[in-house]
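A.B. asks: Turn these sequences into a full structure, and let the hints guide you.
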Amino acid sequence: MAINQNHLFEELNGVKCAIVEKNVPPERVDFLRRILEYNRYTVIVVVSPPPKGAVAAAVPGEVAAPVEGAAPAAASPPATFTVGVTDVMFNPVNAIFGRLLKTPEGHTVTLAYWQQKEKEADDEKPYFEGR
Numbered sequence: 403m404a405i406n407q408n409h410l411f412e413e414l415n416g417v418k419c420a421i422v423e424k425n426v427p428p429e430r431v432d433f434l435r436r437i438l439e440y441n442r443y444t445v446i447v448v449v450s451p452p453p454k455g456a457v458a459a460a461v462p463g464e465v466a467a468p469v470e471g472a473a474p475a476a477a478s479p480p481a482t483f484t485v486g487v488t489d490v491m492f493n494p495v496n497a498i499f500g501r502l503l504k505t506p507e508g509h510t511v512t513l514a515y516w517q518q519k520e521k522e523a524d525d526e527k528p529y530f531e532g533r
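The opening residue of the sequence shown carries number 403 in our numbering; numbering runs sequentially from there.
Hints were generated in silico from the structure; no laboratory data involved.
In this text the structure is predicted, and so the values were computed from the model without any measurement.
Careful, some of the hints might be misleading.
[Stated by the list, open to error] Beta-carbon label-pair distances, calculated as ranges:
1. 416 with 519: 29 to 37 Å
2. 502 with 430: 26 to 34 Å
3. 491 with 435: 16 to 24 Å
4. 409 with 430: 17 to 25 Å
Glycine residues also receive a C-beta, built at the ideal position from the N, C-alpha and C atoms.
C.D. replies: Next comes the structure, spelled out in structure tokens:
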């Protein structure tokens with residue numbers, strides 16, 4: 403169990419992992435995997451469980467009959483993923499603000515780049531300076 407919410411641990415596929423992000427769409431998984439694997443972390447990605455408010459599955463063997471005039475059943479929510487690394491000492495906040503991560507192009511990963519607000523990492527300007 404983590405001491406605080408900034409350093410979470412979970413078992414993903416039977417391996418103890420430091421959690422990078424939860425409930426991530428597939429495009430974000432590709433982005434994170436590219437950066438983390440370039441920085442020599444072993445990345446493990448698993449499908450996130452559905453939210454607690456999701457509709458429960460029907461009882462096996464029962465077929466729900468459609469009701470006349472009723473709205474069609476809501477579509478299942480899009481699949482999201484949990485991204486973790488096997489290095490339990492990894493903390494994404496410390497890695498970003500400590501300037502420990504590099505992009506494949508050789509630039510330092512900034513907060514704006516990590517959040518995908520910028521297309522390229524600008525390591526010439528410190529994170530605390532405005533644009």
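A.B. asks: Give a verdict on every hint.
C.D. replies: Against the structure, the hints:
Checked against the hint of 29 to 37 Å, the C-beta distance between residue 416 and residue 519 comes to roughly 35 Å, which is consistent with it. Checked against the given bound of 26 to 34 Å, the beta carbons of residue 502 and residue 430, roughly 20 Å apart, lie outside it. Against the hinted window of 16 to 24 Å, the Cβ-Cβ separation of residue 491 and residue 435 comes to about 19 Å, which satisfies the hint. Here the CB-CB span from residue 409 to residue 430 is close to 20 Å, well matched to the stated 17 to 25 Å.
Violated hint: 2 only; the structure is consistent with all others.
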